[in-house]
Each structure stands twice: as structure tokens, then as C-alpha cells.
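Trainee: Turn these sequences into a full structure, and let the hints steer you where they fit.
Listed below, chain by chain, are the residues.
There are 2 protein chains.
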Amino acid sequence: MYTLEEIDHILTNFAKLRNIRREPANLYEPLDYMMSIGGKRIRPKLCLLTYNLMSDDFRNPIVFPAMALEVFHEFTLIHDDIMDRSDTRRGNPTVYKKWNENVAILSGDAMSILSYQYLAHAPEKVLPQALELFSATAMQVCEGQQYDMDFEEMPFITMEDYLGMIGLKTAVLLACSAKLGALIGGAAPEACDALYRFGYELGLAFQITDDYLDTFGNEKVFGKKIGGDITHNKKTWLLVEGIRRAAGEQKMQLEQFMQLGEEDREEKVEAVRNLYVELGVKEAAAAEILVYHRKALKALEEAGFDEENTLVLRQFAEEIIHREK
Amino acid sequence: MYTLEEIDHILTNFAKLRNIRREPANLYEPLDYMMSIGGKRIRPKLCLLTYNLMSDDFRNPIVFPAMALEVFHEFTLIHDDIMDRSDTRRGNPTVYKKWNENVAILSGDAMSILSYQYLAHAPEKVLPQALELFSATAMQVCEGQQYDMDFEEMPFITMEDYLGMIGLKTAVLLACSAKLGALIGGAAPEACDALYRFGYELGLAFQITDDYLDTFGNEKVFGKKIGGDITHNKKTWLLVEGIRRAAGEQKMQLEQFMQLGEEDREEKVEAVRNLYVELGVKEAAAAEILVYHRKALKALEEAGFDEENTLVLRQFAEEIIHREK
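Sequences listed follow chains A and V, in order. Each residue of the first sequence is one higher than the last, beginning at 1 in this note's numbering. Each residue of the second sequence is one higher than the last, beginning at 1 in this note's numbering.
Derived from the structure by calculation, the hints contain no laboratory data. Quick reminder that beta carbons are idealized off the backbone N, C-alpha and C, glycines included.
Covered stretches of chain A, going by a simulated chain V footprint (3 or more residues, C-beta under 8 Å):
1) 108 to 117
2) 120 to 131
3) 146 to 156
List of simulated lysine-lysine pairs, DSSO-like, C-alpha gap at most 30 Å:
4) V:234 with V:40
5) V:97 with V:220
6) V:97 with A:98
7) V:282 with V:251
8) A:225 with A:251
9) A:98 with V:98
10) V:98 with A:234
11) A:251 with A:282
12) V:298 with V:40
13) V:282 with V:220
14) A:97 with V:97
15) A:16 with A:98
16) V:98 with V:40
17) V:251 with V:225
18) V:234 with V:295
19) V:125 with A:125
20) A:98 with V:234
21) A:97 with V:98
22) A:234 with V:97
23) V:234 with A:97
24) A:234 with A:282
Mentor: Right, dumping it as C-alpha cells:
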């Protein structure tokens, strides 16, 4: 079994070898740029980890498909940044900002095709299933992004709406990552499905953690300004729960704070944070994250592997949930 | 062997059955809209025609992949229309105009994924090759679009540049269409490659015809205003050849006309058209189209099928080149 650090090296080495120096430059430079900014690569890691439950053979038929998940994820980020008009990502200019919108559209398109080229390295006997899983997931991610954009136009949404949306936008890709590794590793269908559920619950925990840290994280560790979601009235777990809990006086306050603009940023963030604490939303979020974490661990048990073999996976789950940034 | 009309029915019936009534509406309505506007469906037709050289069995393993080509093509159109800021296509509002840019980006993304879902219906034993062909082609189409956009920023390009660009942007997809049908039909590799070349040369003839008709077509038949390319100084075969041939007085005239703006549209179109005639560009374009048509027919011969079996394919080639619109 490989450790998390060794899995990390496998992926870093792969990315270094895959430099895409091709023409036209305006199409391929943004791809290299995105790959070089990197990120935590949690999706390919998860894929390699579940694969590792069955095999130690880390040649192309598993590493390429694992990286297909990362390439696909980065494609969604390039296009999301256009749709959200975001200038920065991970502290760097977005492709949209660094080049322009047309370049971002087209290089994103090229990345989505590249992800299928990487996926195609999967062993022939599992290729049809891998494709089906990957494409279904990819479509769901688009649905999630559409719901996210639709929801921004609505005054409020229910917790059910929110969980459905993050399920599609974030959780299914982690679920797919976990299942893909198992599929390629030759695990039985029930184990593959249990690992899918593991990835899904982990994905929910991960996204709610993301929402939590944006408001309650440590700015120095987090690497970006706290309070972005509050500033933009983004429908996070915190806001959805806050609106649900608030009544009377607190409801009025929340509505007033939400009216505040960019110029009152600091006041707004401070005020809404405090309201979340008063309403018990901060505590509830932390508790909810634990609930999904536990559900994930339960699904992992149902996959039927020995505890000593699932240790690294459980460490991985810990790390991505109880992270500072 | 099916006739062109029967092939057309197969595709129309398929499109009617595949209505995608799903949610969220903002993601799937644009897909249905694009499929309903339809078009000539030349790419899936070509695929079915080459397949028909080998087989009469037109069930899902061939019709879905054939339609994958159409879905992919429509995805490129949705995104191209954003990048070109086009309001209309085939006489209808573009998705970009009818909805908005974000919807156009995301529904385009969904279409590209859908194309892979359709392709995945190809028989398992040819799936790896079909995927490789399709993805390589898709990537080349992105390259072609990037070159097209890059070239718009340049004062002039060579004929070599132009042919390379339309090769990538248009011809490879027709080549892929022809080869895919042969692949799925089980043709020998040499026949598959000859049919690829047939599609490629046909694609070049098709694009140059497109350029020709935009300037010299019959507006009533063509269905759209003549002279759009001239108005926008688009680097078509005509302009590239015109710049190459023009010298002295005619060079100066051409440069002057290219400076004219939207407000002098009619004057500009008239003037440049006449210059093309004077320079012999109009005749040369018609001759060039014939050259590529002949190359296509030669490649088709090299595929090694009986003349009576390739009749419908040759009729198809005639129709798409010697079309009025």
C-alpha cells in the first residue's frame, strides 16, 4: 500500500511529464497554466487510493484515468470562473482574467476533451463502465452548476435544494473518483458502489467544510480573504440554515445585513458571522460535517476491506475535512 | 443500400425520439432547441453512408455514434457563437442570444459530454479506436477555432495558413465522420483511412464552397444575406487568394475597401465582389473546389468498394458541394 505522500508523488511526476507544449499557443498555454497552478488533486488521489485497495500496479491504465478527474475538474473551474466573473483562483489570476473570455471558453473545451483522452487509457474490459460513470458524473456536474446559478437568482432556498445542488456540483465527482479507482482495480460491483457512496458523503462533508471555512476559517492559513461568501450572499450551508433558523428580530437583522454592499464588506461579514454564532448555525455546521464524515466511514466499512487496508483512505478523509484551507 | 432520403429519415426519427426533457430547464432546453433547429446533418449522414458500405443493420450501435458527430458539431456552434458574438444561426437566434452567455457556455459543455455518451454506444471491440479518433478530431477542431480567432487579428495570412486552419476547423470532422462509419462497420484499416481522406478532401471543398456562396451565392436560395464575410473582412479563401493576386492599383483598392465599415456595407460588398471577379478569384475558387472534389473521389476509389456501392456517397458529395446554400 502506498502512503498519501507516495500517492502525491505519483501524481506530481505525472503532471511534470505531461507538459503540453503544442500549438496554437493560445489554446495550450492555458492548459499548462492550469495544470501548473495545480491544487490539492484530491480527486485523482482518491481514485488512486481506492485502486490501491486492490493493486500496487500504478502504470498508465490507472494514473491517466485518475488524472482525467483532475483535468475534468480544472475544465469546470475555467468555465465556472467565466460564469462567475472571477479574477482569481488559488491566489492566481484565472484563465479568464489572464487571457480573455474566448481563450477561457476554448481552452476549457480542450480540457474537457483531454479528460476523455486520459480516461481512454483505462483497461479495455472496464472502459465502457468507466466511460458511463464518468460521463454521467460530468453531466451531473453541469446540472449542479446550473442549479447553483439558478439559485443565486432566488431570494432563498431550502436545505433540500442546497444539498441536492452540492450533491451534483461537488459530491458526485468525488464519488466518481472513488468508484473509478475501484472499477479499474477490479473490485466487485457492491464494493464499487459502497466506495461511490463513501466518496459522495465525503464530498458533502467537504463542501460544507468549504462553506464553513470561508466564514470561520483562519485567514492566514486559509490563503484567501474570509467572508467572500457572506459578501456575495452566496447560498452556502450557513446561509441556508441561518435563514431557516432566524425568526423575528434576528430574521430582520439577517435581511438587513444581506442588503449591505461591497463598500460595507467588513461590517457585513462581522455582523453575519456573529448572527450565525447566535443562531447556533456555526455549531450546527460543525456537527453536520461530522454526520457526513461518519456516513462516509460507514459506507467505507460496507465496501468490505480490512481496517488496516483502509487506514490511508481514512487518513485522507480526515485530512480533506479537517483542513484549514 | 439505403438512399440519401432513407438515411435522412433514420436521423430525423432518432432526433425526435431523443427529446431531452430533463431538469434543470436552463441546462437542457438549449440542447433541445439546438437539436430542433436541426441543420443538414451532413456529418451523421456521411457516417451512416460509409457504414452502409459494409452493413444494413442500422440499430443503436451505429446511429448513436453517428449522432454523436452532430451533437459535437452543435456544441462547437454554441460556443463559436459566443466567441464570435453572433446573434443568429440558420435564421434563428443563437443560444447565446436567446438565453445568455452563461447558459450558452454550460449547455455547450453539456452537449460535448452528451456527444461522448452517444459515441459510447459504438460496439465494444471498436470503442477504443472510435474514442481515439473522435477525441483527436475534437481537439483538432478546437485548434482550428483558435487559429481562426488568431488569424482575425492578423493583417493577412497565406493560403497555406488558411488551408491548415479550415483543415482543422472543418475538414477533420467530416473526415472523422466518414472514418467512424467505416470503423464501426468493420472495414479494413486501409479502407478506413481512404474514407478518412475522402471526408477530409470533401471537407475542404465544402468550406471553400461556403466561402464562395457567402459572396457569390443566390441570396433567396442561400437563406441569408450575401456578403457577410466581406463585411467583416473574414479571412476566407476568396480574400486570402485576392490579397495574394492583387498588385499595384488593385492592391490599393482592395486595402481601401477593407477599411470601409458597416455603414458602407453595400458599397463594400459590391466593390470587393467585382474585384474578385477582375482578379480571377471567383473562377479560381470554383476551380479549386473542383480540385478538392476530385481528390475526394480519388480517395473514395482507393477505399476499394464497387462503383455501384459508392453511388450514394458520390451523390452525397455532389449535393454538399454543389449546393445553393
